[in-house]
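**Q** Residue numbering for the sequence shown follows the working numbering, beginning at 452 and increasing consecutively.
Honestly, the hints are just simulated from the structure, not real lab data.
Some hints could be false.
Stated by the list, open to error - Pairs of lysine-lysine residues, derived as PhoX-like cross-links and limited to a Cα-Cα distance of at most 25 Å, are as follows:
no., residue 1, residue 2
1, Lys542, Lys462
2, Lys493, Lys470
3, Lys542, Lys470
4, Lys472, Lys460
5, Lys542, Lys492
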Amino acid sequence: MTQIGGYFKLKVLAIVKNKTKLAFQALSHCNSESGRDLISKKLQKLMGLEVVGVCFGRRGCDDACYNRSLETHMFYLALENNICHNYVTEKFWNSLRSLTVPVVFSRSVFEGMDAF
Numbered sequence: 452m453t454q455i456g457g458y459f460k461l462k463v464l465a466i467v468k469n470k471t472k473l474a475f476q477a478l479s480h481c482n483s484e485s486g487r488d489l490i491s492k493k494l495q496k497l498m499g500l501e502v503v504g505v506c507f508g509r510r511g512c513d514d515a516c517y518n519r520s521l522e523t524h525m526f527y528l529a530l531e532n533n534i535c536h537n538y539v540t541e542k543f544w545n546s547l548r549s550l551t552v553p554v555v556f557s558r559s560v561f562e563g564m565d566a567f
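Turn these sequences into a full structure, and let the hints steer you where they fit.
**A** The following block contains the structure:
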């Protein structure tokens, strides 16, 4: 293993070691057309999904709060207000930057992205 490869492996392991919580979602737009609120409520009951934002009567989450949450959670529900074909939400990319696995509504939107 090269020096650079070893460095990145250690960095990734350090990031992953920080992930002690399962799943997180930030919601600021309530009663969305996509139905994500209902999904979130069910997942809260089933698996203890951590949700922040006014839709669930919780505090808002500024950028610092959002980034801290991404750093400590393994999964992020990157669900949009509406389901739009050929649109990849910034929530998807934000979670990847933190090595957090994004959960999306439909994989069909992401198929063929490697063609770009």
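**Q** If a hint holds in the structure, say so; if it does not, say that too.
**A** The hints, checked one at a time:
1. Proposed proximity of Lys542 and Lys462 is supported: the alpha carbons are some 23 Å apart, at most 25 Å.
2. Between the alpha carbons of Lys493 and Lys470 the distance comes to roughly 23 Å, so the proposed pair stays at or under 25 Å and holds.
3. With a CA separation close to 18 Å, the supplied pair Lys542 and Lys470 stays within the 25 Å bound.
4. Simply put, Lys472 and Lys460 have alpha-carbon atoms about 21 Å apart, close enough for the 25 Å limit, and the pair holds.
5. Annotation: proposed proximity of Lys542 to Lys492 holds, straight-line Cα distance about 19 Å (limit 25 Å).
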